[in-house]
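*Asks:* Starting from the known structure of chain A, fit chain B onto it as the hints suggest.
Each chain, letter by letter, is given below.
Protein chains: 2
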Amino acid sequence: MNRVGTAVADSRETVEQWGRFELVLEGPQEGNPFQDVRLSARFQYRNLTMEAEGFYDGDGVYRVRFMPDRPGVWRYVTRSSSPELDGHTGEFTCTEAGEDNHGPVRVKGRYGFAYEDGTPYMPFGTTCYHWTHGGNTAQEELTLQSLADSPFNKVRMCLLPTRDMPPPLQTVFAGSSPEDLDRTRYNPAFFRHLEHRLEDLLKLGIEADLVLFHPYDKGWWGVDNMEAQQDEMYLRYCIARLGSYRHVWWSLCNEFDFNKFKTVADWDRLLQLTQRFDPYQHLRSIHNGTKMYKSSNLYDFTKPWITHQSIQHWDAELTSQWRLTAAKPIVIDEISYEGNSSRRWGNISGRELVHRFWEGASRGGFVGHGESFIDRETRAWISTGGRLYGESTARIAFLRRILEEAPPEWIESPGEGSWRLVYFGRRQPGSHWLELPAEGDYQVELIDTWEMTILPLEGLFRGRCRIGLPGRPQMALRARPAGAGSTEGGERG
Amino acid sequence: MNRVGTAVADSRETVEQWGRFELVLEGPQEGNPFQDVRLSARFQYRNLTMEAEGFYDGDGVYRVRFMPDRPGVWRYVTRSSSPELDGHTGEFTCTEAGEDNHGPVRVKGRYGFAYEDGTPYMPFGTTCYHWTHGGNTAQEELTLQSLADSPFNKVRMCLLPTRDMPPPLQTVFAGSSPEDLDRTRYNPAFFRHLEHRLEDLLKLGIEADLVLFHPYDKGWWGVDNMEAQQDEMYLRYCIARLGSYRHVWWSLCNEFDFNKFKTVADWDRLLQLTQRFDPYQHLRSIHNGTKMYKSSNLYDFTKPWITHQSIQHWDAELTSQWRLTAAKPIVIDEISYEGNSSRRWGNISGRELVHRFWEGASRGGFVGHGESFIDRETRAWISTGGRLYGESTARIAFLRRILEEAPPEWIESPGEGSWRLVYFGRRQPGSHWLELPAEGDYQVELIDTWEMTILPLEGLFRGRCRIGLPGRPQMALRARPAGAGSTEGGERG
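Chains as they are written, first to last, in our numbering: chain A, 1 to 493; chain B, 1 to 493.
Isolated chain A (complex conformation) (with noise of 0.2 Å):
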């Protein structure tokens, strides 16, 4: 589908909806094309109009992408500040989505999520942060094996390098050591490659959580304390570039409060940048840093341009609070990663993991994995990705097929529902009173967290039940309209 320095009008090429239109051309190579030229297109269906920046990819080739939303005819016409790019006009046939392809992920109600036609979806993100950095490709595609034998469904992963990474290395901006790094122009190699690995996860179904800033420079690339208008440039073209990719989510910043160059209002303008510059309106969040005990130095996530909770914390109990403090989703990003690094973030027990997955999870809100095994043969996936060692994955995954067979509307109200997840924790009560509602019948199973055991009790309940439980810690409770699951059988693994 690529169209090189034409105008052809040529409506017989397809895209699919949430697919990927690109407008390819031959433009002006003097001075530096990155921040001397400017260009877009607008591209029309019937009376709906959006417009995307291009870019430029170097040695002469300029790109405009698009992710058209909708079936039918797109038209299009380009405007630039060169001539030679500005005024190219064109059509394309935009299809039915392919079987796998939902598009982007949206907010669904005031605590969930679902792809834009409909299909919900749930977070279980994990973290690689520089995955696609190291130049290496067998421990690339290791990486990406892992995640497909995964249950992650969302990877978060940064663009910019930290001072942990020795040059040579290719980076987002041209240049490949702090002497010669020249942050007015990118590096078209670092991103194609990136594209690269962006397809990769997309083919696995895996959401491209993209944290754009981060402040782990130490004053080495100096890429955390840029000119205000390096800062925009920058995002622009990484939105011009990635924004097309439909499982992209904008991560404005990690641990942003550790950046002592910037402020909250810094933030506030680069992330109505996001908001202004992306055509698709991608998921746009922001990352705290702040110790445990400082919640209060959490985002205020209650700002229009931010759509979801992006955290981190280590006490998932808190939750319940944020869903009051902003009713947007909660999605626990940090929550400390399994592992033996002697750092604190990075070592506490699978089963610790899996106990804080579940209380977040049974108050309506999303934790995210990490490991930090510092010893074995990959080291810390978190920072390149490799293999996964721990106890907790096999854990998650059997959460998620718990979770994913709730109703869409359960995370709007975890715990009032007719499904009900009751999460015992540290706990190991001898029974519970189970508060259902007094009509209709319910099934009740319990569920051993650690285990991964899904044991039906016997007969039907309603309207106050006590549950016998068996005294040990980590056990869970679900309760759902009866014939809503087939759930006989005895123990399930």
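Just so you know, the hints here were simulated from the structure itself, not pulled from any lab data.
Nothing here was measured: the structure is a model prediction, and the numbers come from that model.
Beta carbons are placed, not taken as given, at the ideal position from N, Cα and C, and that holds for glycine.
Treat the hints with care, as some may be off.
Stated by the list, open to error - Quick list of simulated restraints, FRET-style, between CB atoms:
#, chain 1, residue 1, chain 2, residue 2, range
1, A, 145, B, 457, 35 to 41 Å
2, A, 468, B, 401, 33 to 39 Å
3, A, 149, B, 457, 37 to 43 Å
*Replies:* Below, chain B alone, put in the same frame as chain A:
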């Protein structure tokens, strides 16, 4: 040593230091002697005088009890509103304390405790609120045996009955049912039985943390909503009868904030009265009931009549914060109990309770134990005593042995001295940078807090040392100056 109806001075009579002298007098029986007759005695040793109130013990018998705090000849003279009781004089000889008698427990330094003779004391408390109330001698003897076999050296126990306890019942007050309860008269038989059990605890070396009020009456016995004068009379009667037991602590109220009839000003007044009438200045505190996350509702422990912080909270990590809030010892008497109760306060696992003990202890706080198994031969240790079934008790004994090897000054700055306990809790780092003083040699041991093993690491350490760890949760490190303890010979149970 009883002296009935006489004022003979007989200095051959001897009482051990911190033992109990008792003067017995006969006096008026008409009216309400509990209310109408005032009696006290002034005890004098050289130029030191102490005043102790007496009490009516029924059948025309009055007693004045006194705990002398130094050896030598003590003289006394009574004062009374009744001429029969007024002006009795006498003397006795106080001898040196016996081998197992170290006097009352006092606050030592800012955060520690010691017996009055200087012997170290660290509270490892448990709770059996009403173990003396049921009239079941076999169960009481069993409770004593369980305590004798346990690491616990303090027990919280209530004087007032609860709604759950059906009449007929011997209570603090005259009468045995809510209808005939006379809150202006006391029940000598109840107190004699209580004193018998206090003697049993004293023989076991267990401190009696007496809970004088509680909010569990719920309109039944009417003892949580008495007139101020009735509260004061009851309080003074308890002090007069029980204050001479050297192992008594005054816990003014359990979960004071759940009593809606009384204000903080009421508790201030009752605590100040305790301070005024107790000649021995036993430890004094008050215990909150407010749920997690509302730690601001703890009593203001900086008030001068409070000797130590008696806390209910489920997060032992806050110990560090409480130490900053008030420079007084931290006793977390309720942190949830091991058990299988359906109530949240009584159903954590043994592993979780042990975790909380270590979390509190390593931060310089003393955590309290309780058990609430509701389906065993003897039910709910925290209510009625009986047998201990949990997995935590043995591990608490293990922790106690370790802590009691610390130098007394350790509690003042648990993370900084030359004797260190570093607890990793739910974390499982593969290694840890231990920051030891640059001078001197240190031994380091790896402690498995659950398996109860202590593994001395090879070699000696100083300065900043990287210590390899096994990557399991609930591990700890102990560091201490080389030669401070004999830890050779490999793994110890």
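*Asks:* Next step is simple, just say for each hint if it's right about the structure.
*Replies:* We went through each hint and held it up to the structure:
1. 145(A) / 457(B): 35 to 41 Å: holds, 39 Å
2. 468(A) / 401(B): 33 to 39 Å: holds, 38 Å
3. 149(A) / 457(B): 37 to 43 Å: At roughly 38 Å between Cβ atoms, residue 457(B) and residue 149(A) fall inside 37 to 43 Å, so the hint holds.
Against the hints set out earlier in the document, no violation occurs for any number.
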